[in-house]
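Could you fit the two chains together into a complex? Lean on the hints.
So the protein lines, in turn, are chains X and F.
For the first sequence, position 120 (counting from the first letter as 1) is numbered 120 according to this note's numbering, and the numbering increases by one without interruption.
For the second sequence, position 24 (counting from the first letter as 1) is numbered 24 according to this note's numbering, and the numbering increases by one without interruption.
Accuracy of the hints is not assured; some may be wrong.
[Claimed, not checked] The calculated lysine-lysine pairs, modelled on PhoX-like cross-linking and capped at a C-alpha distance of 25 Å, are:
#, chain 1, residue 1, chain 2, residue 2
1, X, Lys75, X, Lys110
2, X, Lys64, X, Lys75
3, X, Lys117, F, Lys16
4, X, Lys64, X, Lys110
5, X, Lys75, X, Lys117
6, X, Lys110, F, Lys16
Just so you know, the hints here were simulated from the structure itself, not pulled from any lab data.
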Amino acid sequence: MPQYRSVLIVDDSPTSRMIIQRCIEMSGFEVGSFVFAENGIDALALLDGDSGIDLIFSDINMPKMDGQTFVRLLKNRASTAAIPVVITSSIADGSIESELNRLGISAFIKKPVSPEKVLRALGGKE
Amino acid sequence: MNQNLDAERAALLLAKAVSSVFAEVAFIDVEPLPVAQSIREDHCAAIDVLLPLSCRIELRIRQALLDRIAESLFPDMEEQEKKRTAADSLLEMLNILAGIFLSSYFGQGTEIQLELPRYLYFGEQTAGQPVAAISMDAEGEPVSVLLTSVRYRY
Numbered sequence: 001m002p003q004y005r006s007v008l009i010v011d012d013s014p015t016s017r018m019i020i021q022r023c024i025e026m027s028g029f030e031v032g033s034f035v036f037a038e039n040g041i042d043a044l045a046l047l048d049g050d051s052g053i054d055l056i057f058s059d060i061n062m063p064k065m066d067g068q069t070f071v072r073l074l075k076n077r078a079s080t081a082a083i084p085v086v087i088t089s090s091i092a093d094g095s096i097e098s099e100l101n102r103l104g105i106s107a108f109i110k111k112p113v114s115p116e117k118v119l120r121a122l123g124g125k126e
Numbered sequence: 001m002n003q004n005l006d007a008e009r010a011a012l013l014l015a016k017a018v019s020s021v022f023a024e025v026a027f028i029d030v031e032p033l034p035v036a037q038s039i040r041e042d043h044c045a046a047i048d049v050l051l052p053l054s055c056r057i058e059l060r061i062r063q064a065l066l067d068r069i070a071e072s073l074f075p076d077m078e079e080q081e082k083k084r085t086a087a088d089s090l091l092e093m094l095n096i097l098a099g100i101f102l103s104s105y106f107g108q109g110t111e112i113q114l115e116l117p118r119y120l121y122f123g124e125q126t127a128g129q130p131v132a133a134i135s136m137d138a139e140g141e142p143v144s145v146l147l148t149s150v151r152y153r154y
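This is chain F alone, in the form it adopts within the complex (with noise of 0.2 Å):
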C-alpha cells in the first residue's frame, strides 16, 4: 500500500494510543501537551511498520519514567531483576501502541505487519521523513513520541 499519512489525525490517534497503553499496562496518567517539546531522553524505543504502509514509531522517556513503569508492573521484584525486566516493558508497551495506533488509523482487521521493538542507541539517526511529533506528560513525566514515513530499499 502506498499511502500517506494524515498528520493531523495521526498525531491524535497516536496521543490516544499512548494515553491507552500506559493506563491499561502500566496505569499511569499520560495527557497530550498543547505545543511539542523536546526532552532530552534516556530511552529511545522504535518500531518499524512494513505494512500497510512504511513507517517507524519512537518513543522516547526518561529513567525516572522508565523506574515508574516498572514499579507499577512489578512491584515485589527483586531490584536488579526490576532493571532488567522494565527495558523490555517499554518495547512491549511500543509494541502494543503501534498495534492500537495501526488498527486505530487504518482500520480493524487491515493487514499489518511489524518489525521485532528495539531500542535505538547514540548514533542511530531518525529515519524518514517525520509525519508527526506529539509530546505528552505521564503524571509530570515527558513523553514524546515520533512518527515517520520511511521509504525501505531493498
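Okay, chain X solo, but in the shape it has when bound (with noise of 0.2 Å):
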C-alpha cells in the first residue's frame, strides 16, 4: 500500500473534510499528515515553496475560488504539476468532470465519500 507523506484536502465544508481524513485512513494508507484549506485560494498558498504534500483532495464547488480553477492553476505551476489530485464533489456533471481530467486529475469521487471509493480512486486492492 503507497504512503504519503503530507495529503492536502480542499473543501469548505469542515464535515466534508473530516469524513474524508477517515475515509483515507480507514482504507489503508500510511499518511504523515493531513493538512485542510477551505478553498483553492487557501490551498495554493500552502503548496507555495517545499510543503511536502504529495496528495491531494479537492471539492469543486467552494467560495472563493473553486475546485477546476484550483486545479488549472496547480497544474500550470512545475513545483505542483505531478502531485496527484483526486476530486471529491456531490455532483458527477460530464463536462465538469471531462475538463477536469484534461487537466489531468488522477481520479473522481462523487459524495459521499467511501473508504472502498478512495481505494479505487488510489489504486489499492479492496
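Shown next, in the form of C-alpha cells:
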C-alpha cells in the first residue's frame, strides 16, 4: 500500500474534510500528516515552497476559488503539476469531469466519500 | 433547460436520495411516511439549483436529529465544537442529497450547477411553486423535504 508524506484536503465543509480524512485512514494508506484548506486560494498558499504535500483531495463547489480553477492553476505550476489530485464532488457533471480529466486529475469521487471509493481512486486493493 | 418536474417521480427519487445520504453519511435509517406531515422544525437547510433547471430543495429537521447526526459523525468531539460542526454537517448532507437526486432524475453526466447550501431563517419564505413534499422517519425523528420550482429574475 502506498504511503503519503502529507495529504492536502481542500473543501469548504469541515464535515466533508473530516469524512475524507477518516476514509483515507480507513482505506489503509499510511499518511504522515493531513493539512486542510477551505478553498483553492488557501490551498495554493499552502503549496508554496517545499510543502511536502504529495496527494491532494479537492472539492469543486467552493467559495472564493472553485476546484476547477484550483486544479488549472496547480497543474500550470512546475512545482505542483505532478502532485496527484483526486476530485470529490456531490455532482458528477460530464463537462466538468471531462475538463478536469483533461487537466490531469487522477480520479473523480462522487460524494458521499467512502473508504472503498478512496481505495479505487488511489489504486489500492479492496 | 426549461423543463417541468414530474411530481411523483421527483418525490420518489428525493426519498431515495434522503435515505441514501442519511445511511451513508450519518448511519441513520430514514424511511418514507405514507402521508405527508408538517413538522415544527428547528432547522431548515436549503440549496438552490441553477442547472439543469431552477429549483430549490429544503431539508427540515429538529434539533434532536441534528444532535444524533453529530453524535454519529463526531463521537469523540468536544461538545461545543460538535454543535458548531453539526450545523455544517446538515448543509453538507443537503449538498450531497441534491447531487444524488439531480443525477438520478436527469441522468449521470447532466450539467448541474448548485449554489452553496445555507440555512433559511425565520421570515424567509419558501420560494417558488411546490413540486413535491415528502415526510420521512429517521429512527423516530421527523424529516421533511420540500422541492419547489423557482423562476429566477436577473
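Check your understanding: Within a Cα-Cα threshold of 25 Å, do lysine 64/X and lysine 110/X meet the stated pairing?
Key -> Status holds; Cα separation ~22 Å.
Practice item. For the pair supplied as a hint, lysine 75/X and lysine 110/X, confirm whether the alpha-carbon distance does not exceed 25 Å. Key: holds (22 Å)
Review point. Would the pair lysine 75/X and lysine 117/X pass a check requiring their Cα atoms to be no farther apart than 25 Å?
Key: OK: lysine 75/X and lysine 117/X at ~24 Å, within 25 Å.
Practice item. Take the C-alpha atoms of lysine 64/X and lysine 75/X, compute the straight-line distance between them, and say whether it is at most 25 Å. Key: holds (19 Å)
Practice item. Quickly compare the C-alpha distance for lysine 117/X and lysine 16/F to 25 Å and report which way the hint goes. Key: holds (20 Å)
Review point. Taking 25 Å as the top limit, are the C-alpha atoms of lysine 110/X and lysine 16/F close enough?
Key: holds (17 Å)
Checked against the numbered hints given earlier, the structure satisfies every one of them.
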